[in-house]
Amino acid sequence: MWQKWFSVKGKSLFSIAFSLHRLTGVVLTIYLCMHLAYLTSIRMGKEVFESFIATTVTPQFLIFDILLVLAGIYHGVNGLRLILHEFGLTYESRKSILYVSVAIVLIVWLIASYRMYTFVMGV
Amino acid sequence: MKVQHDIVIVGAGLAGMRAVIAAAEKSKKLSIALISKTYPIRCHSVCAEGGTAAVMREGDSFDLHAWDTVKGSDFLADQDAVEFFVREMPKEILRLDNWGCPWSRTEDGLIAQRAFGGHSFNRTIFAADRTGFHEVHTLYERMLMYPNVIRYDEYFLTSLVIEDGKIKGLTAIELKTGDLILFEAKAVILATGGAGRLYGFTTYSHTVTGDGMAVAYRAGVPLKDMEFFQFHPTGLVPSGILMTEACRGEGGYLRNKDGERFMERYAPEKMELAPRDVVARAMWKEILEGRGIESEHGYYIALDLTHLGEEKINERLPLIRDAAIKFVGIDPVEEPIPVRPVAHYTMGGVHTNANCESPVKGLYAAGEAGCVSIHGANRLGSNSTAECLVFGRAAGEKAAEYVLNADYSHVSNEVYKAEESRIFDEILGKSGDENPYQLKKELNETMDKNLWIFRIEDELKEAVKKIKELKERFNNVEIVDKTKGFNTDLVYTFEVGYMLDLAEVVAIGALNRTESRGAHYRLDYPKRDDENWLKHTLAYYTPDGPRFEYIPVTITKWEPVERKY
Amino acid sequence: MDVEFRIRRFDGEKSYWQTFNIPVKRGMTVLEGLYYIKENLDGSLTFRASCRMAICGSCAVKINGKPRLACETQILEIGNSLEVEPLDNFKVIKDLVTDFEGFFKKHEAVKPYLIRKDDNYEEPVELIQSPKELHAYYDFTLCVKCGACYSVCPAAATRDDYLGPAAITAAYRFNADSRDEGEKIRLALVCGDNGVWRCHFAAECSEVCPKQIDPAKAVQKIRFKSAIETIKSIFR
Amino acid sequence: MANEINKEEMHTKRVLEPLAWIFQLISGLILTVLVTFHFYETHFVSHEAMEYELVVSRLSSLGYKIMYALLVFFVAFHAFNGVRAILLDTNFGAKYPQVVNSLCFLAFLIAFGYGSLLLLVF
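For the protein sequence lines, the chains are A, B, C and D, in the order given. Just so we're aligned, residue 1 is where the first sequence starts under the working numbering, counting upward by one. Just so we're aligned, residue 1 is where the second sequence starts under the working numbering, counting upward by one. Just so we're aligned, residue 1 is where the third sequence starts under the working numbering, counting upward by one. Just so we're aligned, residue 1 is where the fourth sequence starts under the working numbering, counting upward by one.
Some hints could be false.
Unchecked claim - The list that follows gives simulated cross-link-like pairs (lysine to aspartate or glutamate, EDC-like), each with its CA atoms no further than 20 Å apart:
(1) K441/B to E32/C
(2) K66/C to D99/C
(3) K430/B to E39/C
(4) K28/B to E122/C
(5) K270/B to D60/B
(6) K132/C to E92/A
(7) K95/D to D160/C
(8) K106/C to D153/B
(9) K557/B to E531/B
(10) K312/B to D139/C
(11) K9/A to E32/C
(12) K132/C to D108/B
(13) K430/B to D179/B
(14) K117/C to D161/C
(15) K466/B to D544/B
(16) K441/B to E472/B
(17) K105/C to D88/C
(18) K441/B to E478/B
(19) K11/A to E77/C
(20) K106/C to D161/C
(21) K91/C to E174/B
(22) K106/C to E39/C
(23) K312/B to E107/B
(24) K26/B to D118/C
(25) K484/B to D11/C
(26) K417/B to D60/B
(27) K11/A to E126/C
(28) K441/B to D99/C
(29) K312/B to E294/B
No wet-lab data here; the hints were simulated from the structure.
Required output: the full structure, derived from the provided sequences and hints.
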């Protein structure tokens with residue numbers, strides 16, 4: 001039954017936006033739990049923490065990080081779009097706002113990915 | 001299965017739902033059942049577009065509305081009923097206003113009115129060009145307020161149970177399960193609408209097959225004035241979708257292929273706003289005489305709205321614009337709409353008096369299914385939704401008064417068993433080599449050809465012969481779908497059977513009436529004959545075809561005069 | 001020109017696809033196509049239809065994955081092969097016919113009628129409403145209850161008792177009517193946990209509505225209003 | 001009919017859903033700011049941002065403490081209220097709304113409590 005949230009056949013971009021919002025929301029919640037869990041390492045002292053950081057801030061982890069950031073950016077920008085509509089504004093131009101949001105997501109994501117890439121690679 | 005109610009109302013269109021509300025308002029103790037073969041808001045009444053006539057403002061009067069109606073009816077209307085009708089109408093409009101109908105408004109917030117054919121005052125109240133739609137939804141929603149109303153949606157009427165001249169109940173198929181249900185009732189109101197699908201080129205919904213009329217007719221209730229069938233001047237070519245009279249009421253023109261407003265030759269005073277029979281005949285004559293516009297779907301006449309301007313069309317005729325664009329790809333703002341006269345309204349129906357009572361005790365009929373006869377030989381535009389409201393209420397109230405003093409009726413199990421075996425063994429279980437769709441097609445062709453606007457003896461005789469032949473062949477019909485639940489094949493076959501009976505009444509009635517009056521025009525008898533034919537036709541069922549009787553027309557104030565527009 | 005109709009059928013027990021080839025002329029609608037099949041090829045094909053002019057709402061089906069009114073959809077606009085399925089989120093009874101009972105019950109549940117204290121059946125009075133006040137709600141009166149919006153709603157897909165876009169729009173239509181006095185009653189009815197809170201603005205309802213009504217807008221508006229009313233009620 | 005109005009008005013006092021909804025929107029708005037800042041701080045500013053000493057020093061300053069406390073509060077609320085909404089969208093949620101509400105509230109408390117705990121040690 002919940003698969004219907006992600007059925008996109010014949011659906012418009014709005015439904016896809018909804019599905020992605022839900023998906024990214026769940027992903028980010030899971031990440032939140034993981035994040036809180038690994039922050040425990042701070043309490044275990046410098047070595048534990050730094051070895052942890054060392055394993056996560058690596059090129060191998062970068063791809064996950066970049067995808068996670070995509071999820072975050074999407075959820076944020078799309079969320080702002082939804083808040084706008086849900087507070088009762090601008091339904092009439094919701095189509096163009098959706099396109100603009102998608103554009104913003106892509107642009108911000110590309111910039112962020114580049115910065116993260118240079119950050120991790122130490123360029 | 002058996003259920004019991006005080007009043008059972010068949011048909012959930014305007015008249016049926018108005019009757020429900022009237023009965024429910026009368027007493028909270030009554031248990032009222034509403035049976036319909038579709039969900040209530042899928043009824044044909046939603047297709048009514050133009051408006052509803054009522055006397056509302058200074059300058060108009062009840063007598064004027066009544067006179068317009070009587071003159072429009074070619075003096076076949078019962079004038080006592082017409083007077084009752086026009087007086088009740090304004091309150092109905094206000095009630096709908098109080099119940100939430102989004103009437104179109106004037107600048108100062110009053111209910112707006114527009115011009116309509118045959119009315120000598122701008123008295124048609126409207127809600128854009130979706131009047132019927134809004135009225136139906138308003139009544140449906142209002143109906144939800146009454147807890148003593150029980151709806152039976154998607155139940156198909158198969159027979160009435162009448163014993164000793166009194167109604168006992170009726171049987172209907174519950175489509176979802178396919179079970180036959182016996183309704184025991186003290187009173188039954190038929191509000192099943194007209195019989196428009198007799199014709200192929202028609203404005204009617206697919207569901208309007210005259211079920212109530214045919215069932216009543218078979219049960220021995222007479223049908224009145226069935227030969228009068230209204231042809232609306234402007235049906236969209238080729239589908240027959242209604243292009244409301246309001247198009248002309250708002251100032252649209254009809255033009256032939258030379259671009260001429262030909263109505264000035266037929267009704268110099270009223271022009272396009274003459275009554276429908278006059279305009280339809282004029283258009284058909286133009287087409288017959290070669291002045292129609294040629295197209296792949298036959299000849300048509302142009303309904304020209306281009307001079308009204310986009311703003312007015314959007315405000316007053318949005319549905320028309322939408323339909324023209326969607327169905328024929330023509331934007332009325334820029335191009336004229338192709339139209340042709342189209343079968344539109346059944347003036348006749350179950351014989352009732354002005355209280356909607358049929359000769360059978362406890363059986364009422366309202367709306368298009370009944371024939372109080374306020375429309376006589378030709379109905380005026382915007383009087384049909386009005387009729388549904390006034391006489392729907394009258395029927396509901398009279399029925400409620402009647403059942404408050406009536407005993408419960410009991411129908412024996414034999415009746416149920418017999419009906420069950422008739423439907424499931426004889427009709428559904430039968431094998432044969434005819435198919436109902438073919439019969440329906442041939443019936444439509446016959447009606448479109450021989451019982452159209454201009455009628456003549458030879459063609460009428462041919463039609464009668466053909467219909468008899470079709471009835472013969474109908475006995476040999478086989479239904480493909482043998483399943484029980486939601487068997488639309490079975491329903492369709494039933495409907496064809498009903499329509500064949502009604503077609504026979506229409507055809508023989510038209511053959512018998514040797515005069516031209518209102519919508520019934522005989523080329524061989526082109527004059528109205530008040531001496532011999534100022535009377536209503538009553539058709540009684542016999543196994544070999546209808547038996548006819550005639551009753552006089554009630555005249556109170558207005559003696560017949562020549563009808564000129 | 002021949003067009004292929006793939007129809008998802010259901011005989012009460014099993015569901016299967018059946019293909020029909022039918023000749024199509026310019027201007028022919030999907031509904032006419034279905035009637036052609038019923039009248040000439042297979043009489044047992046079951047679907048609902050009535051007015052064939054897009055005003056009764058009977059014939060909403062899924063055409064190539066998108067819910068539309070069959071009667072107003074031109075076949076040739078879709079292409080030379082099309083898939084017809086019953087609406088999602090409704091229980092299929094037979095072939096293209098789905099069970100609308102619950103849908104209408106939900107519509108009924110929001111009290112979609114004018115509520116007035118001075119309601120007088122016998123002696124009604126004319127109520128004044130300016131064209132501007134009329135326009136404030138008029139668009140929302142155009143709902144034909146075809147179920148297209150409900151069939152695409154992701155909340156309705158997973159929660160059977162969600163009121164759905166059509167019912168909430170009906171509630172909004174009456175709340176926005178200047179003649180109405182029942183706003184609070186209706187707000188209370190739509191703000192339960194099966195009401196407006198289930199909407200997450202997938203906005204698909206507005207995309208598929210054959211009458212371009214924008215149910216999503218109505219839901220947002222009535223939700224905002226009920227949130228404000230709630231906050232007010234806390235301080236009362 | 002007047003009676004009916006008064007009777008039903010009582011039900012508008014059901015406050016949980018509307019408050020949760022409006023707070024979800026508000027927390028969403030705040031989070032876009034806080035998360036962007038948090039992310040910017042850790043990934044964009046410099047390589048040293050993730051070094052142990054720096055992390056600890058940040059966690060020890062009052063300003064960051066408040067900021068992180070707010071962040072974890074809003075993010076925990078937003079996340080588990082979101083999960084709650086998702087669960088309530090299902091027939092399971094329709095059947096056991098109290099179970100869903102309590103579980104999600106509990107999850108929010110745990111996440112927020114645990115996050116705060118991390119802040120308190122420094």
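Sort out whether E478/B lies within 20 Å of K441/B, counting only the CA atoms.
-> holds (16 Å)
Taken at face value, is the distance from the CA of E126/C to the CA of K11/A at most 20 Å?
-> violated (45 Å)
Are the Cα positions of K106/C and E39/C separated by 20 Å at most?
-> violated (35 Å)
Between K132/C and D108/B, does the CA-CA distance stay at or below 20 Å?
-> The given pair, whose Cα atoms are some 10 Å apart, holds under the 20 Å limit.
Restraint status (C-alpha distance of K417/B to D60/B at most 20 Å) = Outside the cut-off at roughly 56 Å; violated.
Verify the proposed pairing of K95/D with D160/C, using a straight-line Cα cut of 20 Å.
-> holds (11 Å)
Proposed proximity, D161/C with K106/C (alpha carbon, max 20 Å) | holds (8 Å)
Measure nothing beyond the straight line between the CA atoms of K312/B and E294/B; if it is 20 Å or shorter, mark the hint as holding.
-> The hint is violated at about 29 Å.
Would you mind confirming whether the straight-line C-alpha gap from K441/B to E32/C stays at or under 20 Å?
-> holds (14 Å)
Given the proposed pairing of K270/B with D60/B, does the C-alpha separation stay at or below 20 Å?
-> Judged against 20 Å, a Cα distance of about 18 Å means the pair holds.
Taken at face value, is the distance from the CA of E92/A to the CA of K132/C at most 20 Å?
-> holds (19 Å)
Given the hinted pair K557/B and E531/B, is their alpha-carbon gap at most 20 Å?
-> With Cα atoms ~18 Å apart, K557/B and E531/B stay inside 20 Å; holds.
Violated hints, listed in ascending order, are 11, 14, 22, 26, 27, 28 and 29; each of the other numbered hints is respected by the structure.
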